[in-house]
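Same order as they appear, the protein sequences are chains P and L. Mapping of the first sequence onto my numbering: position 183 corresponds to residue 183, and the numbering continues sequentially without gaps. Mapping of the second sequence onto my numbering: position 296 corresponds to residue 296, and the numbering continues sequentially without gaps.
Note that these hints are calculated values from the structure, not bench results. A quick note: this is a predicted structure, and the numbers were derived from the prediction, not measured. Among the clues, some could well be false.
Unchecked claim - Derived Cβ-Cβ restraints for the label pairs, each shown as a range:
1. P:F187 - L:S306: 49 to 57 angstroms
2. L:P269 - P:S176: 35 to 43 angstroms
3. L:R251 - P:A249: 55 to 63 angstroms
4. L:L3 - P:H309: 46 to 54 angstroms
5. L:R148 - P:R68: 27 to 35 angstroms
Stated by the list, open to error - Calculated lysine to aspartate or glutamate pairs in the DMTMM-like style (CA-CA distance at most 25 angstroms, straight line):
6. P:K70 - L:E112
7. P:K241 - L:E317
8. P:K70 - L:D106
9. L:K241 - L:D93
Heads up, the beta-carbon is just placed ideally off N, CA and C, and yes, glycines get one too.
Number of protein chains: 2
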Amino acid sequence: MLLPTMFESLEADYHHLKRHVQLWDVACQRQVSLHGADALRLVQLLCPRDMSAMALDQCYYMPMVNRRGKMLNDPVVVRLAADHFWISVADGDFWQYACGVADALDLDVAVEEPDVSPLAVQGPRAEDLMVRLFGDSARDIGFFRHRRLSFEGHRFLIARSGYSRQGGFEIYVDDSAWAMPLWEAFFAAGEDLHLRAGCPNMIERIEGGLLSFGSDMTSAHTPFEAGLGRYCTSRADFIGKAALRAAAAPRQMIRPLAIEGRIPPCDRPWPLLAAGGAGGVVGQVSSAAWSPDFRTNVALAMVAHSHWHAGTKLEVETHDGMRWATIQARFWL
Amino acid sequence: MLLPTMFESLEADYHHLKRHVQLWDVACQRQVSLHGADALRLVQLLCPRDMSAMALDQCYYMPMVNRRGKMLNDPVVVRLAADHFWISVADGDFWQYACGVADALDLDVAVEEPDVSPLAVQGPRAEDLMVRLFGDSARDIGFFRHRRLSFEGHRFLIARSGYSRQGGFEIYVDDSAWAMPLWEAFFAAGEDLHLRAGCPNMIERIEGGLLSFGSDMTSAHTPFEAGLGRYCTSRADFIGKAALRAAAAPRQMIRPLAIEGRIPPCDRPWPLLAAGGAGGVVGQVSSAAWSPDFRTNVALAMVAHSHWHAGTKLEVETHDGMRWATIQARFWL
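Extracted from the complex, chain P is given alone in its bound form (with noise of 0.2 angstroms):
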């Protein structure tokens, strides 16, 4: 599966997400269906979030772990019915996880990758372009949560949701045949809105402190390293429990981080020093970009304990030379 990094340039395309709409095939986030008698315990097990007071109508960001408590995805969860899961993975595979999941222990569940791929409608202007196509329930639509609304008379899944922190819509497209309908729609009806076609904005969703799965954070890392602590607060059985309890004090973890002086593209991890290379590597940049409306490089780190505190001063060695660098005690956004 792929999925485009821009299109006209990094800074054009997050001016355009900023100020207007886009829409992005993100059909990539592949759908595991769960369902059966079985699903809620099935989702229980693959998550340590609570899912238990999760409505029919929410969605849940849910950090996944193995036995081992590192990070295995971070999906968006969606119920569809209280025996009915949708999962829709990031950056990787993870339907064979959860059949082998259900396969070893039997579970009364079917668990499918369905014909669905999400749309997403991003910017602030997206509820006033999804009115449009959908009518003025769209605006009811609530922070992660979802609601089946008619295009031409299909129904579909949307939900308040996406990788931006612009506002907008997630269409879980549930047939291929109305992808093509639907995108012609809406580039019908958004002229005036500016309307591109997008994808997931590198300096945008720096300054908003989205994690990509993969980069960010790996399968190498807990999720508390990756910031995700809040989520790991499930009394139910899950796999992980035993590893993620004894991982609750992270050594490590992923900070927001401002860098001073021009960069290259950061097309590779760069190396996290402390100030006057007094105490050698204490961290690595994942991603970084230039921030046209904070001025200033915005970037994500994984760093050391020792040195993750806001203000603190570090120098980063980018690949076209040292920079300095400073914790910062929030994300921009």
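Given chain P, put chain L in place with the hints provided.
For chain L alone, kept in the frame of chain P given last:
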């Protein structure tokens, strides 16, 4: 992962493979390593074949099924030690499934994908070529047995196996840095043996009845339908055991089929019809090609019980018209 399907042409590659020796880069056969006290238990859970008598220098063809008794993959498993196996996967993924099973049951086993890339040496002169790099001991490796043999000081695991009926070996290159030195040493040593780069050959594998997972049989089929019932004899607990017991008398099965006349490339499934159109569709052809040695079109087809007996005359609906065909008693090799 990609695998070539031909180099010069299907027929030129075929003649070369049956006469000389070829080197195949089959790195796509990724290894799933199971290592630990519960490794044997996990292998047995994952496989309907009885693993209890497997020797420490043995390889097994190992059809795998899910809980519903449907094919998951058909790898070859290599036993490295009492508590260590490599599963050499066929077309498809399998690592995450094994991780899911191990995590769900909290088995004491590490499930990993090591840096191991099989390199196949196939053809009637394979042994003569192997001896030049690895010494006379290569001749002593029995069929589906393995040994560690040295090349320039590195001990490689070498098995007498491979996806052809011409004889040969698979070298498990357990460090990418060795791949090119090995490849170049083979070509330096094999010129007078007419060594060429190659790949599994569709004509040769159909003649020999070597099935292709994902086309001849898929996750829709049981091993009994794939003609692999003789591997489903384990008395141990394994995933899908109950489902397989209920599937032991299949109503369709893969059969060798000879097709008359000229046929186009079989790039899609062809319906198989009862002769004269009397009984409607009775199966489908999944692989077919002209065999220069047997002077007929050799084919594999999934055929209904009513029409699978040797000698049964059928009609194939190719995308270039109808052809007569006859069920064969056995494969051609």
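To see whether the hints hold, each was checked on the structure:
no.	hint	result
1	P:F187 - L:S306: 49 to 57 angstroms	holds, 53 angstroms
2	L:P269 - P:S176: 35 to 43 angstroms	violated, 20 angstroms
3	L:R251 - P:A249: 55 to 63 angstroms	holds, 59 angstroms
4	L:L3 - P:H309: 46 to 54 angstroms	holds, 51 angstroms
5	L:R148 - P:R68: 27 to 35 angstroms	holds, 30 angstroms
6	P:K70 - L:E112	holds, 14 angstroms
7	P:K241 - L:E317	violated, 56 angstroms
8	P:K70 - L:D106	holds, 15 angstroms
9	L:K241 - L:D93	holds, 22 angstroms
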